[in-house]
Amino acid sequence: MTKPVEVVTSSEGEVFDIELEVNILKENQRLAQENKQKLESKKILAIDVMGSVGSGKTSLVKAMIQRLKSKFRIAVIEGDVTTTIDSDLIASEGVPTIQVNTGKECHLDANLIRKALNRMPLDQLDLIFIENVGNLICPAEFPLGSEKRLVVISVTEGPYMVMKHPMMFLDADVVAINKVDLARAMEVDPKKLMTDIAKLNSKAIAVSTSCKTGAGVGDVIEALALRAS
Amino acid sequence: MHEFTMTSWIVEALFDLVRKEDAKQVLEVHLRIGKLRALSTDQVRFCYGVLSKGTVLEGSELIIEESAGKIRCGNCGYQGEFNPEGDAYHFGLPPLICPMCSSSLLIEGGDECVITRVRMQLPSTAPESTALS
Chain Z
1 MTKPVEVVTS SEGEVFDIEL EVNILKENQR LAQENKQKLE SKKILAIDVM GSVGSGKTSL
61 VKAMIQRLKS KFRIAVIEGD VTTTIDSDLI ASEGVPTIQV NTGKECHLDA NLIRKALNRM
121 PLDQLDLIFI ENVGNLICPA EFPLGSEKRL VVISVTEGPY MVMKHPMMFL DADVVAINKV
181 DLARAMEVDP KKLMTDIAKL NSKAIAVSTS CKTGAGVGDV IEALALRAS
Chain Y
230 MHEFTMTSWI VEALFDLVRK EDAKQVLEVH LRIGKLRALS TDQVRFCYGV LSKGTVLEGS
290 ELIIEESAGK IRCGNCGYQG EFNPEGDAYH FGLPPLICPM CSSSLLIEGG DECVITRVRM
350 QLPSTAPEST ALS
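From first to last, the protein sequence lines are chains Z and Y.
Using the numbering used here, the first residue of the first sequence is number 1, and each one after it goes up by one.
Using the numbering used here, the first residue of the second sequence is number 230, and each one after it goes up by one.
Keep in mind that the hints were calculated from the coordinates and are not lab data.
A hint or two may mislead.
Subject to a maximum C-alpha distance of 27 angstroms in a straight line, what follows is the list of computed DSSO-like cross-link-like pairs (lysine-lysine) [what the hints assert, rightly or not]:
#  : chain 1 : residue 1 : chain 2 : residue 2
1  : Y       : Lys299    : Z       : Lys104
2  : Z       : Lys115    : Z       : Lys164
3  : Z       : Lys36     : Z       : Lys212
4  : Y       : Lys249    : Z       : Lys199
5  : Z       : Lys26     : Y       : Lys249
6  : Y       : Lys282    : Z       : Lys148
7  : Z       : Lys148    : Z       : Lys164
8  : Z       : Lys164    : Y       : Lys282
9  : Z       : Lys62     : Z       : Lys26
10 : Z       : Lys104    : Z       : Lys115
11 : Z       : Lys62     : Z       : Lys43
12 : Z       : Lys203    : Y       : Lys249
13 : Z       : Lys191    : Z       : Lys212
14 : Z       : Lys43     : Y       : Lys299
15 : Z       : Lys26     : Y       : Lys299
16 : Z       : Lys69     : Z       : Lys43
17 : Z       : Lys69     : Z       : Lys26
18 : Z       : Lys199    : Z       : Lys43
19 : Z       : Lys104    : Z       : Lys71
Estimated spans, in silico, between C-beta atoms of each pair [stated by the list, open to error]:
#  : chain 1 : residue 1 : chain 2 : residue 2 : range
20 : Z       : Lys71     : Y       : Ile292    : 53 to 61 angstroms
21 : Z       : Lys71     : Y       : Tyr307    : 43 to 51 angstroms
22 : Y       : Asp251    : Z       : Glu19     : 12 to 20 angstroms
23 : Y       : Ile336    : Z       : Arg184    : 31 to 39 angstroms
24 : Z       : Asn23     : Y       : Pro352    : 38 to 46 angstroms
25 : Z       : Lys212    : Y       : Tyr307    : 23 to 31 angstroms
26 : Y       : Asn304    : Z       : Tyr160    : 21 to 29 angstroms
27 : Z       : Ser92     : Y       : Lys253    : 29 to 37 angstroms
Cβ atoms here follow ideal geometry from the backbone N, Cα and C, with glycine treated the same way.
Looking at chain Y on its own, in the form it has when it is part of the complex (with noise of 0.2 angstroms):
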């Protein structure tokens, strides 16, 4: 949920990369998402098209990586990963329960949305410079 809004905040914060470099085109973004986070990667990718259109940002390579969750039991001390895989948060997320003792769990991990990497096109430079390259 709210990839419309978590999209437009990645959007805002590689503009405010892109302004600190001075880029003219954005080639790629990497991002890690984790899986506790509620969000589907596939509609990520949509509304960071929709988003990027007509901006600095349009026809770059969105690369997604998917990050474990990771829970614990407040209770017995179970710690493990959870990782409800695909759509299974629109189909199907299991309930937060320890598999042990039953006991409320408590997400340590896997909540995140990260911008990792970003690979720009910086303005053309002196023509000395890309000589040497």
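Only chain Z is shown next, with the shape it has when bound in the complex (with noise of 0.2 angstroms):
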């Protein structure tokens, strides 16, 4: 009476075996494509700001609001795994801030960042810096969908930084070395951290700066071609 049942579940015809190519990371460069279309089609340069926990990523980012905020609209987005301190910083600064709050991940995706876009005023900007949570390793690894990319490290890290972290740099547009006017203290060359970053890669433009005197600042807007026309 019961051996229907045990023809059926013993079946051979009954497994299915599929053979297929689901790219695992596509999702996450799908959503990243659709984020850098959004941003092309309101004609909005956005920016990944990357680097070192405490490197001074968001004092920079600060220092450049300064600069520019006469001449561009822009907004910010910060990346962190708790708390608003970051926004709050730039928040004071009028423009208008949004916390990303990672939680128990890392770094920032893709899907994160299409989520806060959803929730800014696109047609009144021209510009969005996107300050990833502080870490040299793992937002080199998921694309966001921004155009350029600069990479903030400081010479209170030591002398090894961008060797030991080779990944963050390959795609970097623009990398700051800050806090230069610890330099000396510090016994760390700028200059050896240049040398190193342009082995790794050639077409990236190093500056060294300092957010506490200013110096560097204005190389960075230069070399991110943020120039105002």
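Fit the two chains together into the complex; they arrive one by one in their own frames, and the hints show the way.
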């Protein structure tokens, strides 16, 4: 009486064997492409700001905003694991700021940026800074859809940051070596870091900066081709 | 790195497939992971075990093929394979510098993460079709 059930469950014909090519990274790439198209259609330039924890990403973004806000309509997406400390700092410059808290993740991904863009007044913007979670490793693996990539490191991280994290510099357009006012005290030679960057990515423009003194901030703006037309 | 994130994306893609085919149980999953993807296959297996628990994926066999890393020198045109073995990512990955001219290397392949084959149990077919097999 139980025979029919037995036949059905043991049948070879019921196993479906499928060969396919499901690219797991494609969804993020697709969303990044969507973000890129959306930004292009609105004529907005988006800049990824990536770099080590405490290298001065937020300070550099703030310093650039101070110099650029009279020429461009700027907004900022701030990525962090938690808190709104950075977005509060940026918002004090009077530009629209969205904090994206990743919770458990160490990087932003294209889907989080898609959500953030949906909440922004895109018709009233020219320029968006997307500040990633402080991390020299993971953000390199997850494109977001922005057009330019700025990587920020600082002399206080020691002389080997570039060689130790090559992936982060391969696609960078501009690299800021920040806190150069402390270079002597740290016994770190910014020129040596620049040589390392040139070895890894000869197209990247490396700039020494100090957000404390304001040195080099204008050079970063120029390297990103952000001079008002 | 990102084994948990990547594996949860893999599991989501498998759930999509399961829904599409109306499968009752997944038996076998084949992945191709590039050696330059920076994913530890041991950790992917571990995460897969955790994420598949209590789902149609539970108990399925995960078969991982690693594909070679391909690099090219932007300066002298040197091309070759770059294959950090095993735990090299954790213990001393050589820098991405051309062995011929010391310029920076471009990654041309071996950074993928792909589901290549899935075997799954479909719902019971009609008695006459099972009789045929």
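For each hint given before, does the structure comply? Return the numbers of the non-compliant ones in rising order.
Violated: hints 1, 2, 3, 4, 6, 8, 9, 12, 14, 17, 18, 19, 24, 25, 27.
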